[in-house]
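Which chain is which? The protein sequence lines are D and E, in order.
Going by full-length UniProt numbering, the first residue of the first sequence is number 1, and it counts up by one from there.
Going by full-length UniProt numbering, the first residue of the second sequence is number 1, and it counts up by one from there.
Check each hint, because a few of them may be wrong.
DSS-like cross-link-like pairs, simulated, lysine-lysine; straight-line CA separation at most 27 Å [stated by the list, open to error]: (1) E/Lys-252 x D/Lys-123; (2) E/Lys-183 x D/Lys-101; (3) E/Lys-169 x E/Lys-183.
Calculated from the structure, these hints are not laboratory results.
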Amino acid sequence: MLELHHLSKTYANGTAALRQFNLSIQPGEAVAIVGGSGCGKSTLLRLISGLEQASSGSVVLNGETISAPHPEVGLVFQEPRLLPWLSVADNIGFGLDQLPKAERQTRVQEALARVGLAGQGNKWPRELSGGMAQRVALARALVSRPGVLLLDEPFSALDALTRSDLQDHLVELWQGSRPTLILVTHDIEEALVIADRVIVLRPKPGRLEAVIDISLSRPRIRDAEDFETVKRQLRAALEVSLQQTPQERVS
Amino acid sequence: MSAADNALSVVQEAPVQPAASVIKRRWWLGAALPLSLALGWELAVLFGLAEGRLLPTPSRILATLWSLSEGGELAVHIGATLSRVAAGFFIGALVALGIGAVAGYSRTIRAVIDPSIQGLRAIPSLAWVPLFILWLGIFEASKITLIAVGVFFPVYLGVSAAVLSVDRKIVEVGRIFRLSGRKLVTRILIPAILPNVVVALRTGLGLGWMFVVAAEIMGASQGLGYLLVDGQQLGKPEQILSAILVFALIGKLTDGLIVALSTPFLRWQDHYEAHH
Numbered sequence: 001m002l003e004l005h006h007l008s009k010t011y012a013n014g015t016a017a018l019r020q021f022n023l024s025i026q027p028g029e030a031v032a033i034v035g036g037s038g039c040g041k042s043t044l045l046r047l048i049s050g051l052e053q054a055s056s057g058s059v060v061l062n063g064e065t066i067s068a069p070h071p072e073v074g075l076v077f078q079e080p081r082l083l084p085w086l087s088v089a090d091n092i093g094f095g096l097d098q099l100p101k102a103e104r105q106t107r108v109q110e111a112l113a114r115v116g117l118a119g120q121g122n123k124w125p126r127e128l129s130g131g132m133a134q135r136v137a138l139a140r141a142l143v144s145r146p147g148v149l150l151l152d153e154p155f156s157a158l159d160a161l162t163r164s165d166l167q168d169h170l171v172e173l174w175q176g177s178r179p180t181l182i183l184v185t186h187d188i189e190e191a192l193v194i195a196d197r198v199i200v201l202r203p204k205p206g207r208l209e210a211v212i213d214i215s216l217s218r219p220r221i222r223d224a225e226d227f228e229t230v231k232r233q234l235r236a237a238l239e240v241s242l243q244q245t246p247q248e249r250v251s
Numbered sequence: 001m002s003a004a005d006n007a008l009s010v011v012q013e014a015p016v017q018p019a020a021s022v023i024k025r026r027w028w029l030g031a032a033l034p035l036s037l038a039l040g041w042e043l044a045v046l047f048g049l050a051e052g053r054l055l056p057t058p059s060r061i062l063a064t065l066w067s068l069s070e071g072g073e074l075a076v077h078i079g080a081t082l083s084r085v086a087a088g089f090f091i092g093a094l095v096a097l098g099i100g101a102v103a104g105y106s107r108t109i110r111a112v113i114d115p116s117i118q119g120l121r122a123i124p125s126l127a128w129v130p131l132f133i134l135w136l137g138i139f140e141a142s143k144i145t146l147i148a149v150g151v152f153f154p155v156y157l158g159v160s161a162a163v164l165s166v167d168r169k170i171v172e173v174g175r176i177f178r179l180s181g182r183k184l185v186t187r188i189l190i191p192a193i194l195p196n197v198v199v200a201l202r203t204g205l206g207l208g209w210m211f212v213v214a215a216e217i218m219g220a221s222q223g224l225g226y227l228l229v230d231g232q233q234l235g236k237p238e239q240i241l242s243a244i245l246v247f248a249l250i251g252k253l254t255d256g257l258i259v260a261l262s263t264p265f266l267r268w269q270d271h272y273e274a275h276h
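So here's chain D without its partners, still in its complex pose (with noise of 0.2 Å):
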């Protein structure tokens, strides 16, 4: 279980980014995250990683409490961060020094299968497509099998069709072997395709606005009817949390 209490963020230069903010979340559960620019979610997931410290309150998962980052739990950035200089498949092997070389080989190669680039260790960073590198970047992400994955706007750079079917590819992945996932996003979409919980964040200084459960069967259709439902209900959510409160006008 991955709780986070009263956990705000504000940086060197005055600016608030998140301000007690709660939330648990139960192992193997998808959450994801939406909410217009300047709302802290990507900070609330720099944060979860450990990459950064909150100003106060905690994260805590399974009772313990995370201030760097944490082998139990893997992140995926808005872009590949592949290192150059290392064949797809070392690219994949970076995280698991402890292994044997053999046990790492095995592991690698298993989950170039799971994201579907069988055969494509040997190739160089730069030789990928945005979709492939994304892919490689998923599979780094995975191959230590972490409990906790975070993907931070991981499909926001690809083009429509990638996009999509990397969406269903990663939920593929999260059936299979069910850790907890926060994905952070701007696309409604893809937040109701992957996501069992939607949390709408409120911008300057982030907080929570609602929570909005996702019932819906899986596999999601994108272009069904109750989809279509939920989808409007989630669109008006977002809309009432970027719109100011009256005190705001004032402040």
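Please arrange chain E on chain D, whose structure you already have, making use of the hints.
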């Protein structure tokens, strides 16, 4: 995912082919101009159209080179120059790699030392010559020091800039995988700066060759620079041009050596083939 989707995504994700390697080598296009000029001059002198005393013909230069190398004299001069450049380059480059890396890595250390180094860099390096001779004498020590100083600045500049410009996003990948300080350096920082370090070393070596000439013209009894001065004093332009030719050749060879040694580590680079 349906079969049609699959086929589409395959088209979508067709990898980008590296554009290099198809380019034909057309070295003869570049060789045509100097070769025809040399041949033209040779013929002009041969048919008495020009005198060729101050600008000797290619055949005379080659004959001079042949006679210099026959007695083993040329090898001695090349050896003297090469060992000066090697010593100066290694000292200068090593010190610059260390200081440059530290200055790039630590903001505090950079704030302390970089202004001083930039100040020293503003001094034309040849201005140090009288001081070096006073301090270190006229023999090898002052020559090697001058070369080392010449090599130091471009390597320092290149290395510190390379470390400074390492992508924060790539460093974060290392942090996510919990790399310790030392591993972060060996697995992320060093490979990331390597291409720029190679460029810096090549620039430094070029400067080293430039300064060895200055050092040997100042006074030497051996070396290619000595051949230059000797040729001037005895009025032997063919000896000067022979020395220049050897400089060009060895300079190119040593540069090629750095490239050859670094190529296996830089194969991953996007445009590497295109450059070489």
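Please verify whether E/Lys-169 and E/Lys-183 have alpha carbons no more than 27 Å apart.
17 Å, holds
Within 27 Å, alpha carbon to alpha carbon, are E/Lys-183 and D/Lys-101?
18 Å, holds
Does the structure keep E/Lys-252 and D/Lys-123 at a Cα separation of 27 Å or less?
33 Å, violated
Of the numbered hints stated above, the single one contradicted by the structure is hint 1.
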